[in-house]
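Undergrad: From just these sequences and the hints, can you work out the full model?
Sequences listed follow chains H and S, in order.
Once you know that position 220 of the first sequence is 220 in my numbering, the rest is easy, because the numbers rise by one and skip nothing.
Once you know that position 24 of the second sequence is 24 in my numbering, the rest is easy, because the numbers rise by one and skip nothing.
The hints are simulated quantities; they were obtained by calculation from the structure and are not laboratory data.
Just so you know, nobody snuck in bad clues.
Derived DEER-like restraints, expressed as beta-carbon distance ranges:
1. H:A215 <-> S:V106: 29 to 39 Å
2. S:R27 <-> H:G42: 45 to 55 Å
3. S:G97 <-> H:D252: 50 to 60 Å
4. H:P203 <-> S:G97: 45 to 55 Å
5. H:G297 <-> S:D109: 47 to 57 Å
6. S:T54 <-> H:E180: 31 to 41 Å
7. S:R63 <-> H:A82: 52 to 62 Å
In silico lysine to aspartate or glutamate, EDC-like type, Cα no more than 20 Å apart, as pairs:
8. S:K83 <-> S:D109
9. S:K142 <-> S:D116
10. S:K142 <-> H:E225
11. S:K83 <-> H:E225
12. S:K134 <-> S:D12
13. H:K346 <-> H:E186
Built from N, CA and C at the ideal position, the CB exists for glycine as well.
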Amino acid sequence: MGQIGADTLLGVDWGYASALDDVCGQVAIAGVGETAYTKASGRTAREIGAEAAERAIADAGLQPSDIDGITWSGTFADFDDAAFHEHFGTSHDIWTSPWGGGMAWAATAPYLAARAINERRARHVLNVFPVAWATQRGSMTGGPGEVHAAQSAKQNLEVPFGWFPQPVYFATIMRRHMLEFGTTEEQFGAVAVACRRHANLNPDAVMHGRPMEIADYVAAPYLAEPLRLLDSCLISDGGAAYVTTSVERARDLKQPPAIVRGVGEGYSNTGTHWAQQRAFTSSPQVFSAPGAFAMAGITPTDVDVLTVYDPFTIVSLMQIEDMGFCEKGEAGRFVEGDTLFHDSGKLPFNTHGGLLSHAYVLGIAHVVECVKQLRGIAAAQVPSCEVAVYGGYTGHMASTLVLSRDS
Amino acid sequence: MAITREDFPLPDVNDPVTAPFFAGAARGELLIPRCASCGEYVWYPAEACSCGGTPEWTRVSGRATLFSWAVVQRAFLPAFADKVPFVTALVALDEDGSVRIPTYIVDADPASLVADQPVEVEFRPLSFSTVPGKSVVVPMFKVVAA
Chain H
1 MGQIGADTLL GVDWGYASAL DDVCGQVAIA GVGETAYTKA SGRTAREIGA
51 EAAERAIADA GLQPSDIDGI TWSGTFADFD DAAFHEHFGT SHDIWTSPWG
101 GGMAWAATAP YLAARAINER RARHVLNVFP VAWATQRGSM TGGPGEVHAA
151 QSAKQNLEVP FGWFPQPVYF ATIMRRHMLE FGTTEEQFGA VAVACRRHAN
201 LNPDAVMHGR PMEIADYVAA PYLAEPLRLL DSCLISDGGA AYVTTSVERA
251 RDLKQPPAIV RGVGEGYSNT GTHWAQQRAF TSSPQVFSAP GAFAMAGITP
301 TDVDVLTVYD PFTIVSLMQI EDMGFCEKGE AGRFVEGDTL FHDSGKLPFN
351 THGGLLSHAY VLGIAHVVEC VKQLRGIAAA QVPSCEVAVY GGYTGHMAST
401 LVLSRDS
Chain S
1 MAITREDFPL PDVNDPVTAP FFAGAARGEL LIPRCASCGE YVWYPAEACS
51 CGGTPEWTRV SGRATLFSWA VVQRAFLPAF ADKVPFVTAL VALDEDGSVR
101 IPTYIVDADP ASLVADQPVE VEFRPLSFST VPGKSVVVPM FKVVAA
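TA: Here you go:
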């Protein structure tokens, strides 16, 4: 469980929200850095992390010696403070936390940074997340499926019955969403088509230059019916990083600050045992998003661009409705047409291409995309982008980050 | 954290957390832990009920409904290469619909399956060509004839 200050648990039936301190308007993302996003690169995650860190620090107009805080994902500790010092030849004290990095924690890392900055433990906090699963795939190590197989209930009660791994879990969730709400395969396809449309506007995206229309989606083979390959995220190498500092300090640095307005975090009581999740067709965004939006003083209609952690199209649909952009069960109808398009859409969505078509770097690039949208430098730029939201998701939990332009 | 057990992905019938489930299946019984204090089913198995009481493995009827399913076309592990396509499902027990058991649906045309239709348990040996000479009797489910 994330040690993010869960002082009060707001109890609700199948999960709960963490009660977070109000950090609205205190910190900002002042620098972002990305590596190339590719299929197998032959590089290590550590090398990728170092490059992302270099670029984020340079983007902020800082030096490595200015970075006195680092956060990363504990289970993927490829670029930690030791790696930082070794790469940059530094030796100064660095505040650290393993509760940052990617996935849901790409949304909550700025909250950790705000706490550290407020407590004067650090001034410039680097959050970094690299991944090299495309390169590692051949050796059958690492990757999302392995972490899950190791648990006893999964090993004996799920895997032997073929209810494994994630594409199968989410295929059954997809089917139940279709049964309960009438969601159609074409509506799932609309999410995939929107992400691919944005990737084709983004030269950095892995699927750039590979257009996909709904007919291509419908013709694509099933991995586990009703889930298709085109409902599923890529496997990639790549990484990104961002630097968080006080708003005051960010205003002195090189780039327009992306102000942190709201952060939220929510958990499912049944964790990654989706089979037993009472609200089978919901995500913990129902617990996470309300607190983040309240902290930011916004409602869903104020959001100019939404990025969500999208390992599968069903996870996107659930988060869209669970965050309140439409009524529960209506996400399929909501995403039809151009709703999600960056230029004409009511809710510009995953404008870099998402995990589906940009790269599988587990959400860190989604936060970077939010920052780029607010700066006006995104490849698929949303007009007049003032408020950007990232919805993080890691199975047992969801998180929400609200960023805005400096007014 | 690689899996080192040689008979993976057969279930580990000696794992104490789930051993009674498979011992019951070998006898043709579907057993689910039920709290001795409050009567709630505790699933997946846990050491204690959320009320604090102790779960005891209890026979259930074997009748359930088809909560959801997937027709797996691609083998995600080498062991499943000669099983695809197959139907993996979650079935919800008649005794308590919040208890969902991952299982195989057998003897059915996948295209004919209907949500929430009645199913009933059928105990069959499960084996994998990658684990030669071994099988474990497990609960599978079939559609109840109309």
